[in-house]
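Chains P and U, in that order, are what the protein sequence lines are.
The opening residue of the first sequence carries number 1 in full-length UniProt numbering; numbering runs sequentially from there.
The opening residue of the second sequence carries number 1 in full-length UniProt numbering; numbering runs sequentially from there.
Treat the hints with care, as some may be off.
Put simply, identical chains are the same to the list, so a pair is met inside one copy or across any two.
Said to hold, decoys possible - Each computed SDA-like pair below joins lysine to any residue, with the alpha-carbon atoms no more than 25 Å apart:
1) K43 to E119
2) K94 to A65
3) K301 to M287
4) K20 to E286
5) K95 to T292
6) K206 to F144
7) K312 to L289
8) K331 to N218
9) K95 to E119
Everything labelled a hint here was simulated from the structure, so no lab data went into it.
All values reported here derive from a predicted model rather than from experimental measurement.
Here is how the chains run, residue by residue.
Number of protein chains: 2
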Amino acid sequence: MSPSSQVRFGIIGCAEIARKVSRAMNLCPNATLHAVASRTLAKAQAFATANSLPPTTVLYGTYEALLDDPDIDAVYIPLPTSLHLSWAIATARKKKHVLLEKPCAVNVTELDQIISACEENGVQFMDCTMWVHHPRSRVMADFFSDPKRFGQLKFIRTCFNYCGGNDFLENDIRVQPDLDPLGTLGDAGWYCIRACLFAANYQLPKFATALRNPVYNNAGVVISCGASLLWENGAVATFNCSFLAHLTMDFAAVGTNGSLNVTDFVIPYEEKSASLSILSNSNFDEMSLGWTEKPTEQVVKTELPQEVFMVKEFSTLVNGIKNHGLSPEKKWPTITRKTQLIIDAIVASFSRGFEPVEVY
Amino acid sequence: MSPSSQVRFGIIGCAEIARKVSRAMNLCPNATLHAVASRTLAKAQAFATANSLPPTTVLYGTYEALLDDPDIDAVYIPLPTSLHLSWAIATARKKKHVLLEKPCAVNVTELDQIISACEENGVQFMDCTMWVHHPRSRVMADFFSDPKRFGQLKFIRTCFNYCGGNDFLENDIRVQPDLDPLGTLGDAGWYCIRACLFAANYQLPKFATALRNPVYNNAGVVISCGASLLWENGAVATFNCSFLAHLTMDFAAVGTNGSLNVTDFVIPYEEKSASLSILSNSNFDEMSLGWTEKPTEQVVKTELPQEVFMVKEFSTLVNGIKNHGLSPEKKWPTITRKTQLIIDAIVASFSRGFEPVEVY
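Okay, chain P solo, but in the shape it has when bound (with noise of 0.2 Å):
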C-alpha cells in the first residue's frame, strides 16, 4: 500500500475510548494515527505515554492546532456530545473527514448542522458505532434479509445495561446534563436504537413511545429508560438502556419464518471471535413434547477487532474521495440521521406523558 493511501488521523480530545480507537488506527492497514491533540499539551502526552503511542505521533495542547495541521486527512472527535457541534464543524471546514462518537449531537437539528458542515466541504462523515462493522453483523444482516430462514420482521428486543457506580452516576461526562445531556439513552441507548434500525433494514419506525421508567440523576439526567418502536407494517422493538444493570448486550429479533439472538452485540465477549445464534423453520414437535428443530450457533472468526473494522471502512471511503474523486458516502450519515431521530422522539416523549411521538 501506497503512503498516499494511508489516512492520517487526528484525534481531538483524549476521552477514555480514544484509548481504543487510538489502537484501532495503529492496526488498522489503510489508517495512520498522525496527532492527538488535548486541551494541554501535558494531557496530549500523558495519552501518548500511557498508550505507548509511536515517538512520531504528533502531540498538539490546542484542538485548534491540530485541525490546522495540513498532514490530518480526519479527525476522530471523542469530545463531549455538547462539543461535537461546533468541532465537528470546524474539522469539516478544515475539509477533514469527520469520525464522530455517538451520540452524534445533542439532537437532529445540531445534527444536520453537522451533517451539512460535511457535504458542503465535501468530507465523509461517520459515526462511531463499532458493532455494525463487525463481521458477525453481516452475517446478522444476512440473516434477516433472507425471506426463508427469517421472513417479515415482527420483533425485536434488545438492551444495553451496565453498572455506572456511585462516582460514575454523579461524575461522569456520561450523566452531565451540560455535555451529555442524553444520558444512558444517548450513550448505551444508541446502540439499541441502531439494533432496531438494522433488524428493520434501516427503515424508521413510525412511532416511539418511551416506557413510563425513565430514572434521573440529581442533575435530571437520565441513567435508565427504556421505549417501544412501532412501524408502519407492525413490527415492534422493545429496549432498555441502564447504568444502574449488570452489563447486558442482548438483541434479539423474530421474524414469521426464524429468530436470532446475540448477548454480546455491542462489544463481543472476545476480540477474535463473536457467535450468533439462529433457528428457523422450527415448530412443536409431536404433542409438543419438545421442538423441531434447536437454534445452531455459528462462530464468525475475525483477526482484527471490530473498531479496526469500523476505521477501515472509513478510510477506504475517505481514500476515495481523496485519490479516486468519489463522493462521500452518503450511507452513513443517514443511519446516523436516523438514530438520532428516533432518540428525539424518545426524549419527546418523556416530556409528553409516554405518548407515542410520530419519528421523521
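Keeping the supplied structure of chain P fixed, place chain U upon it in accordance with the hints.
Relative to chain P, chain U alone:
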C-alpha cells in the same frame, strides 16, 4: 407406594393438550389416569385409542358422568376457557381437586368464583403452567434470589410466539371469541406474564401498559400483542406474544449483579435436558475490548418431562389433603390469580387507549 396414595385423575374434554397431560399422568409415580370424558362416548373412545390408553381407563360420554364417578380424586380440565367457570365449579362441588388449563378464566371475576368454590369444598386448585415445575425453574429461582449472583431485579424481557397459520387464525379454539376470548394474550401471553412474576418472586407489578400494536383476527380476538409491566421498585418487564411469528420462547432477566437467558422457557427443546445461560459480576475489560466474564451454560438433566413434575406436585398436594388431613396449598391459586390480574389489566389498557392500568 400404596394404591391409596395414587391420585386417580379424570379428564373432561379431549383437547390436543390432553394427549400430553394424559401421558404425563401415566408416567407419574403418584398419579393414575382413571377416566376420560368427552361430549360423546365415541370421541372418548377415539381419544383412548389414539393415545394408547390402558383398557382399564373408564370412558364417559358426558362430563357429568365423570364428575359423578366416586373413584376419581381430581379432574384435569382442558376445555375452552369460557367453559372453565361452570365445569371447574361443578368439579369442586363434587369434592374433586381441580387441575385447570390456562388461561384459567376469561377474567379475574370468574377466576375468583372458581377459586372460592375450591376453597369452600376443600379441594386443591392448580393451573397447568408446566414450565414452573421443571427442575430448571428451581435453578432459575435460586439464581434470581441470590444477591451476589443476580442482585436486585431491574429488567425482564420475554416472549412466546408461534405461527398459527391461516386455518388456526380463523378456526382454532384459541381465536374464537365465545371460547377463548383472550386469544394469544391468554394463551402465549399467560406464560410470559408468569415468567415476569417468577423473576419478580411473584410480587405484583403496580402498572400494566399494553404496547400499541395489538393485532386482531376478523372475529375481534387478539392474535398478537405485547405489554410493559412496571413494579414499584422500578423493575420493568416487556413482553410480546403472538400467533404470527416464528416459534420463540425467550426469557431474559437482568439484575444489578447478573443476568439470565433462556430461549425455550415454555417447552424445553428436548424432554430430558434443559439449559440456562447465566452471567454474574462481569464487566468491560481493559479498554473495553471484551468482557471480564462470559456467560456459562448450565444444563439441567431430568428423567421426567416437566408436565410429569406438574402432575406429581399436584398429586402430592391432593394426597396430603386426602390421606394426611392437610389443607389445600394456597400458593398455586394465588399465583394463578396474579397472572389473571395482569391479563385483565392489559385488556383494560387495550380499551383505555394503551394507558397504564393499575394491577390490583
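The hints, checked one at a time:
1. K43 to E119: neither (32 Å within a copy, 74 Å between copies)
2. K94 to A65: within (11 Å within a copy, 90 Å between copies)
3. K301 to M287: between (39 Å within a copy, 21 Å between copies)
4. K20 to E286: Cα proximity of K20 and E286: across copies only (9 Å, versus 51 Å in one copy).
5. K95 to T292: neither (58 Å within a copy, 40 Å between copies)
6. K206 to F144: within (20 Å within a copy, 36 Å between copies)
7. K312 to L289: between (49 Å within a copy, 17 Å between copies)
8. K331 to N218: neither (38 Å within a copy, 41 Å between copies)
9. K95 to E119: within (10 Å within a copy, 79 Å between copies)
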